[in-house]
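Undergrad: Please model the complete structure; the sequences and the hints are all you need to start from.
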Amino acid sequence: MSSFAVPRLLLAACAALPLLAEATRADSCDDLTRQIAGAIGGRVGKRAGPSIDIRMAGPIKFDVTCRAEPIVQATSAEPTPSTTFFRDLSVASEILVGEPAATVEPIITNAYRTSLAERRKSFIQQNGWSASCYTDPGSSTMRTLCSVGRIPPG
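Residues -18 to 135 (the working numbering) make up the sequence shown, in order.
Bear in mind the hints are in silico, worked out from the structure with no lab data behind them.
Check each hint, because a few of them may be wrong.
[What the hints assert, rightly or not] The calculated lysine-lysine pairs, modelled on DSS-like cross-linking and capped at a C-alpha distance of 30 Å, are:
{"#": "1", "residue 1": "LYS27", "residue 2": "LYS102"}
{"#": "2", "residue 1": "LYS42", "residue 2": "LYS102"}
{"#": "3", "residue 1": "LYS27", "residue 2": "LYS42"}
TA: Here it is, written out as structure tokens:
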């Protein structure tokens, strides 16, 4: 092997490291999405970039987005989200952020009520994670969007 072949191989291996990290991140996001889908009675759907859909019956839609820190998002087309909406999002959040669903659910509900009352996005920060809700009562396709995610360190 020539003396130039070794540096080229080393350079190629170093260039592949970011791709390996991206694949590892995708695998962990896929695993996280499978866990959440199983816990809330959904099925893993399509991946679009860093987001993976979770298919559910009815007017509630879920997706998991994995960037610096993962986020679980739920949307509802119902005029008022059902208790299932808040329960399923809190169960998904427990898997995502590690806080008990019973702790997360009232915080999400509070973010929803604040969003309705103040007619703007409501954002509630907790110990290393956050919940946010946005409401659009006039929309027929997405009346409520709530999400929970870890807050990136730093």
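Undergrad: Are the hints correct? Go through all of them and say.
TA: Do the hints match the structure? See the list:
no., hint, verdict
1, LYS27 with LYS102, "27 Å, holds"
2, LYS42 with LYS102, "19 Å, holds"
3, LYS27 with LYS42, "13 Å, holds"
Hint compliance for this structure: no hint is broken.
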